[in-house]
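**Q** Residue numbers (the working numbering), protein chains in the order written: chain L, -9 to 611; chain R, 14 to 321.
Derived from the structure by calculation, the hints contain no laboratory data.
Fair warning: there could be bad hints in the mix.
With a straight-line Cα cutoff of 20 Å, these simulated EDC-like cross-link-like pairs (lysine to aspartate or glutamate) come out [said to hold, decoys possible]: (1) K228/L - E264/L; (2) K449/L - D129/R; (3) K229/R - E526/L.
Negatives, chain L to chain R, calculated, CB over 12 Å [as the list claims (entries may be wrong)]: (4) W(-3); (5) L0; (6) R29; (7) S171; (8) A213; (9) A306; (10) S330; (11) V352; (12) N391; (13) V455; (14) V518; (15) E526; (16) A552; (17) A560.
Chain R side only, calculated, beta carbon under 10 Å to chain L, not exhaustive [stated by the list, open to error]: (18) G82; (19) Q123; (20) A203.
Glycine included, each C-beta is placed from N, C-alpha and C at the ideal position.
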Amino acid sequence: MNHYPLWKYLLLLTLTVLGLLYAAPNLYGEDPAVQISHRVNLVNEEELNNVRGLLERLDIDYRSIELGDGYVLVRFGNEETQLRAASDLKDALQEQDTRYSIALNLAPATPEWLTGLNALPMYLGLDLRGGVHFLMEVDMQAAIAKALERTSAEIRSYLREEKIRYRTVQTVNQALEVRFSDSAERDRGLVALEEEFREFEFSIRDTELGSFVVVSYTEAALAEEKKAALTQNISTLKNRVNELGVAEPVIQQQGDERVVVQLPGVQDTVRAKEILGATATLEFRLVHGSLVDWTDAEQTGKVPLGAKLYRETNGAPVLLKRRVIVTGDQIIGAASGIDSQSGSPDVTITLNGKGADRMSKVTRDNIGKPMAVVFIEDKYEEREQDGEIRRIKRTEERVINIATIRDQLAKRFHITGLDSTREARDLALLLRAGALRAPMVIVEERTVGPSLGQENINKGVKSVVIGFALVLVFMAVYYKLFGLVANLALTLNLVLMIALLSMLQATLTLPGIAGIVLTVGMAVDANVLIFERIREEIRLGNSPQAAIFSGYQKAFGTIADANITTLIAAIILFSFGTGPIQGFAVTLSIGIITSMFTAILGTRAVINLVYGRKQVSKLAI
Amino acid sequence: MILNRNINFMGPRKIAMGISMLLLLISVVSLAVNKLNVGIDFTGGSVIEVGYTQSVELEPVRDALASAGYADGIVQHFGSARDVLIRLAPRDDQNNAQLSTSVIRTLEQQSDTAIDVRRVDFVGPQVGEELREDGGLAVLYALIAILVYVSLRFEYRFSLGAVAALIHDVVITLGVFSILQLEFDLSVLAALLAVIGYSLNDTIVVFDRVRENFRKVRKRTSVEIINTSINQTISRTLMTSFTTLLVLLSLFLFGGEVIASFAMALIIGVVVGTYSSIYVASTTALFLGVSREDLLAPEKDEAESARP
């Protein structure tokens, strides 16, 4: 009685060793580091040597340099050196190739023999390491409107090609209405359109205004369009985050129209917000008429056909041609700098083939005429209207520059007229990273400053240590030897929990730490159940050995029942919760599972070792 | 711990029921009148926490914010006199990006020393609404799942008793939050779900013993058997609650401001849950007429539970 086979001890021993091994990386802390990657290529050995050379030439003390998964990681002894190195390396590397991206990082200082075993420290959530969490929503209405705008242009040119005479193409309620002069022409148009635009549904409508073909998306095409908007926005966000230089960013789809963006360690959250949500883009248009026409249009409110009224940065009115020469999505490269003539900030633009063709054709035909650069930005605000929350879009369009075309422009040229070097830099970044297919709004933000993050870790650790110590003392006093055995199990439970959290690389959050503390309190429950049962059996007059045996046996069903119900609550919490709350659910679930193991199997093994196969007259319980 | 092992727990069960009813009534009334002090997680809005290098007076900060157009902001110390917390309701005219930036800029101008932005939480009205719905659903689903599990493992009367105890605990915990006007946010909701898990834990331990005794002891009334069962489990119940309260106290005192309300909810929940597992759960099962015959049917179950 009360004897465990050898394999159970071996199992326990193996798990203990594994637990200690995989929990160990958490003891080593982190090194301030700089992570260097390239936007297009994976960084290789050659670049590592290049960086090493630069570090030596710049006379920067570094602790180590290594090749990671497509990046170079340089570790430093302190944060001061890290910051200096980051800015110096950035200057030096971007001189060689502007596509290098340099990010600050905290790299785990886990020794090599542990990383070789794939043992890593726990992954800390944003509330512990500091950083920003954004939940961004794609404005699907705007996405559909934009798509319809594109289709409207396609329909026009297609009907022109097919020599079918139409009057107008207009967007009405998420659909396009094509107006024809008579029903015969309309029928011809319908046949032609149905042939060409298969992703649409067509219907006809006759009113006194004329004969219409109404073009609307099919359910499937609508869903497809929304998906495309989301996918493209995610890839644009990824580009922008790369431009910002963030180590280990998370950019993930959530639901049908939202994206989660997590940027650990970002200090300047204001800038991060501006860059992520920015919709700024450029358009190039020819100027219409002259100053007299412009002021006239402003005063009378009558805008000539084919023109549109804009304002310059200083508020002065200007008329531009409706037809766009080149739009932002035809820009493939942009770099900010200083204009050598005026000394003001400028942006050098590179166009794609189609854009370059069009630009050179238009500028060739219009030498001596003025051309305008329009800066377009969508701004959003949420407003409550009749109890409903509505989002109101305001598009800001301003003419930042009007210049006379002196020469035929082509693929590369530069523009001026920006307010500051910062605006020039941001504009260049946005043009490089690509435009958002549809505007996005931040619907949730959680920012934790680095100082608070560290403080949260300290407080969390402190509360775990104190809570744990209190329980240990109490158990030892109340259950004597059995209490000490339970304490061993409790310690092993903590080690196993940390090991499992590290192995799974589950995110540890502040509520997650609370979950650990709570599990420590609740993990003793199993032992309390068992020990109380043993005391009861002794009171009933059973022998110590029999009391141990039936104590464990009878308590088991109760322990299982009680833990499974808590597990149910934890799983539901996980599936409904977000971020930090999920962290709580994860640690709670892991704790329940490990505590069942340590409290039942672990303590029994030790108790058997102490009391098993012996004549015992009294138990120290 | 010296315990008289023959306390007549079920004797004053009518009084206990009365107390529970009274507490529930007070909670419900307070929830209806005072409402919950719901945090921005569920209402939408912004919370900005900033740290100063030395202690700071709140009045000048309030004035500065008011003159910048944030007169509705609630300004208070948070944790220490150097930390200031500003709460703002959702606004019409500014989106979040501009809002927190402009608040922080205002504070920087007002202060002579540098300030440290420690935390910015912004929840859009829409997201707040969703979190509210999801939170409510989570509690509901947890209750249903537990009802199903306990019904499968025990008998429906026990299961109703367990759920009655859970609802009792949740409502009273909410009631205390409402009376004290403590902030109810996402982490408190998580604590509430943990309370559900915990309180059930206690209840199940008692029920397990009740079932065992019903099968073992033949010539006693239901009340007597439940009484014995509670007596047999009471020291375990109190022990576990005590160790759990120890760690919760540690969390409450040392875990920082953010965790304090979470710990508070659990402390209330554990205390109420301990009481309810003794009185509410068993009394409800008894009231519903649970008896020995209901539990005797599956003989093989007995053999099953004899195996460790």
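**Q** Indicate, hint by hint, whether the structure satisfies it.
**A** Checked hints:
| no. | hint | in the structure |
| --- | --- | --- |
| 1 | K228/L - E264/L | holds (15 Å) |
| 2 | K449/L - D129/R | holds (19 Å) |
| 3 | K229/R - E526/L | holds (16 Å) |
| 4 | W(-3) | holds (17 Å) |
| 5 | L0 | holds (20 Å) |
| 6 | R29 | holds (26 Å) |
| 7 | S171 | holds (46 Å) |
| 8 | A213 | holds (21 Å) |
| 9 | A306 | holds (26 Å) |
| 10 | S330 | holds (34 Å) |
| 11 | V352 | holds (36 Å) |
| 12 | N391 | holds (26 Å) |
| 13 | V455 | violated (8 Å) |
| 14 | V518 | violated (5 Å) |
| 15 | E526 | violated (7 Å) |
| 16 | A552 | violated (4 Å) |
| 17 | A560 | violated (7 Å) |
| 18 | G82 | violated (15 Å) |
| 19 | Q123 | violated (18 Å) |
| 20 | A203 | holds (5 Å) |
Comparing the model with each numbered hint stated earlier shows that hints 13, 14, 15, 16, 17, 18, 19 do not hold.
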